[in-house]
Amino acid sequence: MGGMKFTLSARQPFALQPVVKSHGWVQLAPFKLDEGQGNPDDLKNATVRKKPPLRLTYIDQLSNGRIIEYEIKQSGKGVQVQTENLDKFEKAEASQHINWMLGLDMGFSDFYKFVRMEPKLAHAKRAARGRILRSPTFFEDVIKTILTTNTLWAATIRMNLNLINTFGGAIAANGKKAFPTPGQIAAAKPDVLRKDVRVGYRAPALHELAVRVATGELDLEAFKHSPLPTADLRAELLKINGVGPYAAANLLMILGRHDFIPIDSWALKLVSHEWYRGKPVTPKQVERRFKKWGSYKGLAYWLWDWKFTG
DNA sequence: GGTAGACCTGGACGC
DNA sequence: GCGTCCAGGTCTACC
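The opening position of the first sequence corresponds to residue 1 in my numbering, with each subsequent residue numbered one higher.
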């Protein structure tokens, strides 16, 4: 087996579970979640144990082409990473990726202060919430976000899995696959995206994006540390074919910009049941309800302790 | 600046 | 069994 372990520290407060459970991303390959089920003892221990062990795995491709798997667990005030033996450059890159994926150096003290009088948000600090699970590359998150639009969640999971199985590189030893690089998708015919990956009408948009990133025309990774004001960054995101108001807001949230609410059909449902007795609402009404939270309205929406749970 | 209609796909529902 | 609807929306064409 071999391999190596290392730990990464996080800005406090931090807990792995709320990051992993922050949205559906963990259900999208190459993420995988292992909550320690399968042991018969778990049942009787469940009532005793305070923190169920939670193990997040991810198949990553480093810039030198090497594909490796991370097993990430909570460890003290940060995380412990188990992976294959890496040289110091690989380890630095892997650490950087995991740091980004979990938002280890993000802080939310201003937000916590701002919302501490709001009963629906007061839990945020207690539960160390605010971080949103993200993929190592912004490219991957843009693709995944486009795959969430105008479809069922189950279909998003399937399309994403097809994309990985069709184009992604694999670990030789076990066949586990990484998310495809822009080049791998760009090299394919758009028709393959439609016919094999089954992404439907999204095929041209996805392919075009992969080509633009692969050729260097569009530097998506630069969005991570862009000096642009959020509104300008949003305008840039909206230029991407397939990215509209919802997707842009979702991607801004992923970038740690919380000024906009990703208003989808689910958001309308939540707000409808929260304040309008289940009567249909418009995006404008959602905006109105969260206006007071200013540049934190996205987070306020995201972390709101909703009445409606489905 | 605001709003109908079309759009791949494949479960869920009604009949 | 089949048709219809619709989902973690977006784009285009109009007003």
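It should be emphasised that the hints constitute simulated quantities derived from the structure, not laboratory data. Hints are supplied without guarantee of correctness; some may be wrong.
DSS-like mimics (lysine-lysine), calculated; alpha carbons at most 25 Å apart, straight line [claimed, not checked]:
id: 1; residue 1: LYS176; residue 2: LYS291
id: 2; residue 1: LYS91; residue 2: LYS113
id: 3; residue 1: LYS125; residue 2: LYS176
id: 4; residue 1: LYS120; residue 2: LYS32
id: 5; residue 1: LYS113; residue 2: LYS125
id: 6; residue 1: LYS91; residue 2: LYS176
id: 7; residue 1: LYS88; residue 2: LYS113
id: 8; residue 1: LYS113; residue 2: LYS291
id: 9; residue 1: LYS21; residue 2: LYS189
id: 10; residue 1: LYS195; residue 2: LYS224
id: 11; residue 1: LYS125; residue 2: LYS91
id: 12; residue 1: LYS21; residue 2: LYS88
id: 13; residue 1: LYS32; residue 2: LYS21
id: 14; residue 1: LYS120; residue 2: LYS269
id: 15; residue 1: LYS120; residue 2: LYS5
id: 16; residue 1: LYS291; residue 2: LYS125
id: 17; residue 1: LYS120; residue 2: LYS224
id: 18; residue 1: LYS224; residue 2: LYS21
id: 19; residue 1: LYS113; residue 2: LYS239
id: 20; residue 1: LYS125; residue 2: LYS73
Please read all numbers here as calculations on a predicted model, not as lab measurements.
Practice prompt. Return the numbers of the hints above that this structure violates; sort them in rising order.
Written response: 1, 2, 3, 4, 7, 9, 10, 11, 12, 15, 17 and 19
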